[in-house]
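J.: The task is to assemble the complex, starting from two chains supplied on their own in separate frames and drawing on the hints.
These protein sequence lines are chains A and B, in that order. Start counting the first sequence at 83; every next residue gets the next number (my numbering). Start counting the second sequence at 339; every next residue gets the next number (my numbering).
Take the hints with a grain of salt, since some may be wrong.
Here are the simulated EDC-like pairs of lysine to aspartate or glutamate, each with C-alpha atoms no more than 20 angstroms apart in a straight line [to be verified]:
1) B:Lys451 / B:Asp682
2) A:Lys207 / B:Glu381
3) A:Lys207 / B:Asp415
4) B:Lys593 / B:Asp613
5) B:Lys673 / B:Asp396
6) A:Lys207 / B:Asp411
7) B:Lys392 / B:Glu635
8) A:Lys207 / B:Asp633
9) B:Lys513 / A:Glu84
10) B:Lys508 / A:Asp359
11) B:Lys628 / B:Glu388
12) A:Lys207 / B:Glu635
13) B:Lys508 / A:Glu356
14) B:Lys688 / B:Glu469
15) A:Lys209 / B:Glu381
16) B:Lys428 / B:Asp448
17) B:Lys404 / B:Asp415
18) B:Lys473 / B:Asp633
19) B:Lys513 / A:Asp359
20) B:Lys673 / B:Asp415
21) B:Lys593 / B:Asp703
Taking beta-carbon pairs under 10 angstroms as the criterion, some of the chain B residues facing chain A (in silico) [claimed, not checked]:
22) Gly569
23) Glu577
24) Gly600
25) Gly631
26) Tyr632
The set of hints was computed from the structure by calculation and includes no laboratory data. In this text, a Cβ means the ideal position worked out from N, Cα and C, and glycines have one as well.
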Amino acid sequence: MEYFTQQLINGLTLGSIYGLIAIGYTMVYGIVGMINFAHGEIYMIGAFIGIITFSLLGAVGITWVPLAILLVLIVSMFFTAVHGWAVERIAYRPLRGSFRLAPLISAIGMSIALQNYVQIIQGAKIKPMQPVVRGNIPLMEANGFQVNISYLQIIIIVLTIALMAIFSLIIARTALGRSQRACEQDRTMASLLGVNVDRTISLTFVMGAALAAVAGVMVTMYYGVIDFFIGFLAGLKAFTAAVLGGIGSLPGAMLGGMLIGLIEAFWSAYFSIEYKDVAVFGILVVVLIFLPTGLLGKPEVEKV
Amino acid sequence: MRKFSLGLLAATAVVALGATGAMAQIKIALNGPLTGQLASFGEQMKRGAEMAVKDLNDKGGINGQKLSIVFGDDQCDPKQAVSVANNAVKEKVAAVIGHFCSGSSIPASDVYKEEGILQISPASTNPTFTERGYKNTFRVCGRDDQQGQVAGDFIASRYKGKKVAVVHDKTAYGKGLADETKKRLNGTHNIQEVLYEAITAGEKDYSALVSKLKQAAVDVIYFGGYHPEAGLIVRQAREQGLNARFISGDALVDKQFWSIAGASGTGTLMTFDADPRKNAVAKEVVDKFKAQGYDPEGYTLYTYAAIQVFAQAATEAKSVKFADVEKVLRSKTFKTVLGDTAFDAKGDVKSPAYKVYEWKAGAYDYVN
Numbered sequence: 083m084e085y086f087t088q089q090l091i092n093g094l095t096l097g098s099i100y101g102l103i104a105i106g107y108t109m110v111y112g113i114v115g116m117i118n119f120a121h122g123e124i125y126m127i128g129a130f131i132g133i134i135t136f137s138l139l140g141a142v143g144i145t146w147v148p149l150a151i152l153l154v155l156i157v158s159m160f161f162t163a164v165h166g167w168a169v170e171r172i173a174y175r176p177l178r179g180s181f182r183l184a185p186l187i188s189a190i191g192m193s194i195a196l197q198n199y200v201q202i203i204q205g206a207k208i209k210p211m212q213p214v215v216r217g218n219i220p221l222m223e224a225n226g227f228q229v230n231i232s233y234l235q236i237i238i239i240v241l242t243i244a245l246m247a248i249f250s251l252i253i254a255r256t257a258l259g260r261s262q263r264a265c266e267q268d269r270t271m272a273s274l275l276g277v278n279v280d281r282t283i284s285l286t287f288v289m290g291a292a293l294a295a296v297a298g299v300m301v302t303m304y305y306g307v308i309d310f311f312i313g314f315l316a317g318l319k320a321f322t323a324a325v326l327g328g329i330g331s332l333p334g335a336m337l338g339g340m341l342i343g344l345i346e347a348f349w350s351a352y353f354s355i356e357y358k359d360v361a362v363f364g365i366l367v368v369v370l371i372f373l374p375t376g377l378l379g380k381p382e383v384e385k386v
Numbered sequence: 339m340r341k342f343s344l345g346l347l348a349a350t351a352v353v354a355l356g357a358t359g360a361m362a363q364i365k366i367a368l369n370g371p372l373t374g375q376l377a378s379f380g381e382q383m384k385r386g387a388e389m390a391v392k393d394l395n396d397k398g399g400i401n402g403q404k405l406s407i408v409f410g411d412d413q414c415d416p417k418q419a420v421s422v423a424n425n426a427v428k429e430k431v432a433a434v435i436g437h438f439c440s441g442s443s444i445p446a447s448d449v450y451k452e453e454g455i456l457q458i459s460p461a462s463t464n465p466t467f468t469e470r471g472y473k474n475t476f477r478v479c480g481r482d483d484q485q486g487q488v489a490g491d492f493i494a495s496r497y498k499g500k501k502v503a504v505v506h507d508k509t510a511y512g513k514g515l516a517d518e519t520k521k522r523l524n525g526t527h528n529i530q531e532v533l534y535e536a537i538t539a540g541e542k543d544y545s546a547l548v549s550k551l552k553q554a555a556v557d558v559i560y561f562g563g564y565h566p567e568a569g570l571i572v573r574q575a576r577e578q579g580l581n582a583r584f585i586s587g588d589a590l591v592d593k594q595f596w597s598i599a600g601a602s603g604t605g606t607l608m609t610f611d612a613d614p615r616k617n618a619v620a621k622e623v624v625d626k627f628k629a630q631g632y633d634p635e636g637y638t639l640y641t642y643a644a645i646q647v648f649a650q651a652a653t654e655a656k657s658v659k660f661a662d663v664e665k666v667l668r669s670k671t672f673k674t675v676l677g678d679t680a681f682d683a684k685g686d687v688k689s690p691a692y693k694v695y696e697w698k699a700g701a702y703d704y705v706n
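Here chain B stands alone, though its shape is the one from the complex (with noise of 0.2 angstroms):
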């Protein structure tokens, strides 16, 4: 038996030496929320780099090589996300898939830029994130100013002469989206909110502020947050009797929200793209993951658009270098699972269409 082993040991060895003389592996980081508050984001951002890279290296990798993830727990915590793009640096990945959330990635790209890696953020939307003439970060989802543009336009249509608050989180992404839809409001459409309130989030108690609105008679709530603390609002103001209409930004896309808030949430809206679900170049994919018992949803698309958009770059330009793989991104268009995707000069998607989504008995869908 002992013999056996040592015997398979010594096999896979050369085995493995074989493999790495013949083809080195290219890393790439996947950071994102894996644990903490967001987690049920960062299950999203797994399930689908795991299968791109899965898919990818079945048709063999790139420029003959294949793909490997290094994973990086950022909790959405702007100081832990430094600490994990430092640790992508040290496993010389050729291309991180992240952050998740703005607050994490802008941060984390200043250590990327440094480097010269490049960065796709499948899900970070506040404008900052590529608005610093950073050559390496783009990004495959839209941006808050274009999502604070729909939900203001929609509001003012809605709900006119109705009255509005805004609440936000303070993270950077829950402010930033929540100012761009006020901004939205007061200029363009001459709406002026009643309430313009900020929350800590990972707290419970939102009693006082639904107290506050209720007190102020809103008739729309605007949040600027992720699901956790909607979830918990909704929640609170239902059963305080105050039944304003609640309305919020791409965060909410995961079922988590229903699990928190459950029949609370009917009738809930938010912003998001246009659901790469539905998309005919997508169906072979997300039939994949139905087989797997998962729905794709949220980001789970968005990733496995970002990892595409990478291998394609990388084996058109016959290389894995951060030089030559920018020149081809801001050149070409690729065929993703989102449809068409392109880069304009700031590392932006050229087509991004925000829709409204209302939740409905546990799942979401366009707004008629």
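In isolation and in its complexed conformation, chain A is listed as follows (with noise of 0.2 angstroms):
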């Protein structure tokens, strides 16, 4: 019980991240129809600009936690957006309306583009950064093994959460949402009635990035290493996450991180460490042959 607590714990902090990252998957193929692969890039983007603010915070001698943080993930959150805006808006934005696979090719030109450029301006070795938050709240004991979640923990599962419900707040009740579904909807229908189809898509994509931006600080506060080539593997497990999950949908992009986050911990926990990965994307090909649209996700109404 004690071990399962454990591994419940590890898999949800785990789950937590890789939800963030899928939330940016799934929000620009809802409503543009296409998968951002770039989208790994830009959380590893959110995770240097996070350790390099954390840097000059404490050079300038700002160390009162709680407020280093704060301010970390203001600052990063703007600057991965503005990487965000800037990646739609130069290599989606002109393609739109050409052939389909037109897009998929930049986006993947961009996520190489985008790696290469934070290797040469940032070095290729990877970058450590000592543990900001310490320490642990020990919840019970049995047989001399105790579980503990960490402060950091506690954050990043909380912090998902409300981001979580915010996000859902936004497109469910603004005027800004309201356009994101008319969108998703119609994109044309919805440019006829007056809803800026542009400005919608590019506000997608810096809310994509914001949020990866505090998938990649929390990732560098909790494991305290990062290099250039994060993005990949990260983007690879959200996407597959958001796929799982139905993509196209919000809260299935959340319910697929978290499961896959489970679903790594508790097959190492019970069985080989080795063949975790081929567990869940085992389990993904078994969803997807009976729900082939996804857990949550709605199947594509074919319009005539």
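T.: Structural data, given as structure tokens:
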């Protein structure tokens, strides 16, 4: 039981991070109908901006941890959002209305370009950072096995749930959300009715990038090591999460992320760690056979 | 101004032509992870090679010919290693110094074998590298079967009756080393590990592994793999309150291990050849590195030595042709920064001496 709880905490933390990144994939897919393969790199850039801001704050002398984390989050969300916006403007908007595969190729190109850009300006070495938030809360203990939840794990899980709630509200209640839902349903009709489609799509990229930045900053603080290549693996897992949950669905992305985190943790816990990725993708295959649109995805209605 | 620069250009052209006419340069390739996760090892190799070539050229080069280096970046990726190897072939290099990772050196050596190019690895320790009867593969470092023996014996003697877990990262080096240590523990010492697990290199989250180790109440973790993963596992273990002794191999000989693990790394043990920085013969070179503000740790001096070996063999053979150099390599003893280096029939060094080191306060030294 103690062991189970500990692995549950591990899985939820990992799942939160996957979920935050997965939202970026799913929102873009819902509205533009393309997979933004550069999104993993956006997350990586968020992590780099986070680590740079941390060291700048250290140099300036702001060491009160809650303030530092808040500032880092704001700075990283802002600059990463600028990157997300620029990516859309440079690589996707000119290709809108072109054949279906064009933005996909352009996304892969963008992903490689961003990776190399960070590699050149930040160096190819891994960047370590010492822990900012230390400490654990012991939850229970039995047979010498103590279940711990670290403050950082609490921050990650709570922040993820809070952001998820805020973004759901934005989409359900605000004017921006209404335009986003309109674009999702029918882009041409939306533009005829006075929705600024280009602006809505840009803002979608900005929102996705901001969430990826939060994930990047959390990963930097939690694991303490980043490099220019982290976007690839995380992006792959988050994309899988989005597909598992039903691409296009916001709660689906979160659910998919949590599930993948939990499957990884529990497979590692009770079976061989070596095969945990096999387990994750195996379950993905099974889900897609029975639910081709993912767990919470809506079947695509053929428009005539 | 324009006239002047044209004149200058012409003058340099003449000088350059004269130079190439008098002596063609000898090219050697330095292939290793210059970028990527293990870029810090690439830097060790690069520093070592640049210093070695500079020192050789200052003394007149090989048989009156200067050396130059062609760099190849394999990122420790086996696929990349083969394309880097093909590039070295295209550049017509006389020898290849590299690669770093065993997983790169082994596939690349097939390319060099086909083309008859000498390959001296400063760091690849997987036994397979020299076990296939290839004539062109040499290394100046030890082998994982020797390293695993030392690690196995150490664990058996120091941690008698304790629970041992063996973890590896699925790479040629990591799995090879972990299995050699396991073999020694299982066979000679009759110690059975309580857990045997494999992780994926490049990931960041090892919390599930750490919880599993904690559940099994292990006292000793033996890890076959590279320092980025080792650092993360140690750090996450300490955060979860698992204080098992962490023991690994020669891929931890880089200060970057400490910058990842931080204070959690205190007490981490590793096996590595006798530290060449302590050799009396290496003092002059070590001082030169230190004057540059660089500590020649890990495989820096091994790379330096690999180039020394090639240069001395080529000088002795009065040729850089593979067949001539190879004959000398197998018969002579070379004076390098590692001491006296000689090769056996397989291309391994004759006297490797693995020692156990301990990390403490950002540095490592022999364990007492």
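J.: Look at each hint and say if it fits the structure.
T.: Consistency of the hints with the structure:
1. B:Lys451 / B:Asp682: holds, 18 angstroms
2. A:Lys207 / B:Glu381: It holds: about 10 angstroms lies between the C-alpha atoms, which stays within 20 angstroms.
3. A:Lys207 / B:Asp415: holds, 16 angstroms
4. B:Lys593 / B:Asp613: holds, 15 angstroms
5. B:Lys673 / B:Asp396: holds, 18 angstroms
6. A:Lys207 / B:Asp411: holds, 13 angstroms
7. B:Lys392 / B:Glu635: Measuring from Cα to Cα gives roughly 19 angstroms; hence the hint holds.
8. A:Lys207 / B:Asp633: Status holds; Cα separation ~17 angstroms.
9. B:Lys513 / A:Glu84: With a Cα-Cα distance of about 31 angstroms, the restraint between B:Lys513 and A:Glu84 is violated, given a limit of 20 angstroms.
10. B:Lys508 / A:Asp359: holds, 14 angstroms
11. B:Lys628 / B:Glu388: holds, 15 angstroms
12. A:Lys207 / B:Glu635: holds, 17 angstroms
13. B:Lys508 / A:Glu356: holds, 8 angstroms
14. B:Lys688 / B:Glu469: Holds. B:Lys688 to B:Glu469 sits at ~15 angstroms (cutoff 20 angstroms).
15. A:Lys209 / B:Glu381: Since the Cα atoms of A:Lys209 and B:Glu381 sit roughly 15 angstroms apart, the hinted pair holds (cutoff 20 angstroms).
16. B:Lys428 / B:Asp448: holds, 15 angstroms
17. B:Lys404 / B:Asp415: violated, 31 angstroms
18. B:Lys473 / B:Asp633: Roughly 34 angstroms between the alpha carbons, so the hint for B:Lys473 and B:Asp633 is violated.
19. B:Lys513 / A:Asp359: holds, 18 angstroms
20. B:Lys673 / B:Asp415: Between B:Lys673 and B:Asp415 the Cα gap is close to 33 angstroms, so the pair fails against 20 angstroms, i.e. violated.
21. B:Lys593 / B:Asp703: holds, 12 angstroms
22. Gly569: holds, 7 angstroms
23. Glu577: Nearest chain A Cβ about 6 angstroms off; hint holds.
24. Gly600: holds, 5 angstroms
25. Gly631: violated, 17 angstroms
26. Tyr632: violated, 15 angstroms
The structure fails to meet hints 9, 17, 18, 20, 25 and 26 from the earlier list, while all remaining hints are met.
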